[in-house]
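Q: For reference, the chains in residue letters:
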Amino acid sequence: MSGATHVRYELVRSLRNPLLYGLSIGLPLVVYYAVTSGNRHAFVYAAGVSFPLYFMTGMAAYGAMFASIGPGGRLARDRARGWTRQLRITPLRARTDYLAKVLAAYLVALPALLLVFLAGATLGVRLDAAQWFEMTGLLVVGLVPFILMGLILGHLIKTDALVQVMGWLVVFFALFGGAFGSLFNKGAMLTVVKALPSYWLVHAGAAALLHGDWPAEGWIVLAFWTAALIPLAVFAYRHDTGEA
Amino acid sequence: MATVSTASAGIRAVGLTKSYGSVHAVRDIDLDFPPGETVALLGPNGAGKTTTIDMILGLRRPDAGAVTVFGVSPATAVNSGLVGGMLQTGSLPDFLRVRELLSLVASYYPHPLPVEDVLALTGLGDLAERRTTKLSGGQAQRVRFATALVGDTDLLVLDEPTAGVDVEGRHELWQVIRGLASEGKTVVFATHYLEEADVFADRIVLIAHGRIVADGPATEIKAKVGSRSVRATLPVVDLSSLRALPGVINVERHGEVVILSCSDADAALPALFATFPEVRDVEAAGGSLEDAFLELTAADDPPPEEVG
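Those sequence lines, one after another, are chains A and B.
One rule links them: number in our numbering = place in the first sequence (from 1) + 265.
One rule links them: number in our numbering = place in the second sequence (from 1) + 14.
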């Protein structure tokens, strides 16, 4: 059997879903241009981090979070249609299916990131090649918890409720992670929001610019969320397929 | 030695049992289908056919008992690409065209049929570029059938494959199944139509209330359930003299009640009254399959709750 075909059609199905397009590419681009155009020369919390760079990473993270959580929506629809049951009587392994969904999530997330980066460049964001690369790499790693969240919700929540739940979840993480501007710059609340994976997604741009604004703390937070979500995903899978 | 003894095995089940809470869906079912056989699981809705099929496919774990498919566990058989199935319910994944869906499912199997062949075989050629969400119920059912075939598997398990298909479509679908059976594939299908079971199966397994109530060649089972049964109160009489009446196939006694299975109730009833004028409380049960099942199972069983 060929996992490649499965990956291809997972991607095809993502790209034909207008909802995913709009939320992961259209919305962040529109918001980015609308907000940043008037603030091109502003600076945010850290020395040398321009508003266009900060907000570019924020909106890239926001769109990529939608893209990452998207395959979970497809899983929920397939589940509601009885298709996941049908897949269980084919030789397709759950492992291959998951891998394909993760790859498809990235293949939608990456263009979403790149288009916002392009928009950033048109509004004066200047980074060297290594910095662009580092920022993209950090975002790619930081999306892992969101892909897992999507799959967990896809196994556990019905499609009607899922769009709501996913929408609010992404908005929550984006808002408190600082994607629309940092809410807390000091004190206990800063410590709290730093425990969110989205905080580190949003700060990938600044980290790349400053080489060091992404400390060990960031890796620990992402590793913690990933380690906590994997067993939940296994539970959700077993709960869903009656293998618990 | 175990592998030698199971090398020629088709589907074997011993003591399969499955309950949902207090509902006994399947109760101690044994199956032994050799490879290459076409078997109908025949029974009314709620008899336990789907639960049995789900256990053969490894979708549900039996509470007790075990099933093997070609000598291995259902999961192993499924993962090896030996099993193609069509479940009773379910629709198709969205954002795909019919041809794409079949290519996708084909990619899971080691030696699939060419997608074009399957499209032609199932009469889906004209719908190949249609989105799966733009199909009528009958068309979607055909596509589901096609996804079961495309893997070119040794075993095909079809749970009520003709549900929702029009008469013409039904005929075409059975032609395809018959062709596959003649290629030596093992086919197991569930149906509640006696006619389908009779015409297309080598063997019929009759299921009611979660138990096998009859198992044998199609012709034999048809005679059994295609008949009408007559119940009567007749205390002192020799069963063999009842069996000798015209149109009577079989006789059972339960206390004062006798049950005559009749191939021709119209002949049997007048003969019964003429020969045994003392007969009372005569009832003729209708010829529907449901009634036949009730007759077959009334003797040994209080009617339990049922589940599909």
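What the hints contain is simulated information worked out from the structure, not anything from laboratory work.
Ideal Cβ positions, reconstructed from N, Cα and C, are used throughout, including at glycine.
A hint or two may mislead.
Facing chain A, according to a computed beta carbon distance under 7 Å, are these residues of chain B, among others [unchecked claim]:
{"id": "1", "residue": "SER87"}
{"id": "2", "residue": "ALA89"}
{"id": "3", "residue": "THR90"}
{"id": "4", "residue": "GLY99"}
{"id": "5", "residue": "GLN102"}
{"id": "6", "residue": "GLY104"}
{"id": "7", "residue": "PRO107"}
{"id": "8", "residue": "VAL179"}
Here chain B is said to cover these stretches of chain A; the calculated rule only asks that three of the stretch's residues, wherever they fall, bring their Cβ under 8 Å from a Cβ of chain B [as the list claims (entries may be wrong)]:
{"id": "9", "region": "342-352"}
{"id": "10", "region": "411-420"}
{"id": "11", "region": "435-445"}
Q: Against chain A, is ALA89 (chain B) within 7 Å by beta-carbon distance?
A: This hint is violated: ALA89 (chain B) lies away from chain A, its Cβ roughly 9 Å from the closest one there, beyond 7 Å.
Q: Go through the hint on SER87 (chain B) and say holds or violated, using the shortest Cβ distance to chain A against 7 Å.
A: violated, 13 Å
Q: Counting residues of the region 342-352 of chain A whose CB is closer than 8 Å to a CB in chain B, do you get three or more?
A: Holds, because 7 residues of the region 342-352 of chain A bring their Cβ atoms closer than 8 Å to Cβ atoms of chain B.
Q: For the restraint on GLN102 (chain B), tell me whether the closest CB of chain A is nearer than 7 Å.
A: Given a least distance of 9 Å, the restraint on GLN102 (chain B) is violated.
Q: Next item in the hint list is VAL179 (chain B). Is there a CB on chain A closer than 7 Å to its CB?
A: violated, 18 Å
Q: So, PRO107 (chain B) near chain A? Judge it on the closest CB pair being under 7 Å.
A: holds, 5 Å
Q: Could you check if GLY104 (chain B) really has its C-beta closer than 7 Å to a C-beta on chain A?
A: Interface hint status for GLY104 (chain B): holds (3 Å vs cutoff 7 Å).
Q: Tell me if chain B covers the region 435-445 of chain A under the three-residue, 8 Å CB rule, please?
A: Contact hint for the region 435-445 of chain A vs chain B: violated, 0 residues under 8 Å.
Q: Closer than 7 Å between Cβ atoms is the bar; does THR90 (chain B) clear it against chain A? Give me holds or violated.
A: Because about 10 Å separates THR90 (chain B) from the closest Cβ in chain A, which is outside the 7 Å limit, the hint is violated.
Q: Holds or violated: is there a CB of chain A closer than 7 Å to the CB of GLY99 (chain B)?
A: holds, 4 Å
Q: How does the region 411-420 of chain A fare against chain B when you require at least three residues with a CB closer than 8 Å, holds or violated?
A: This one is violated; 0 residues, fewer than the three required, reach chain B with a Cβ under 8 Å.
Against the hints set out earlier in the document, violations occur for numbers 1, 2, 3, 5, 8, 10, 11.
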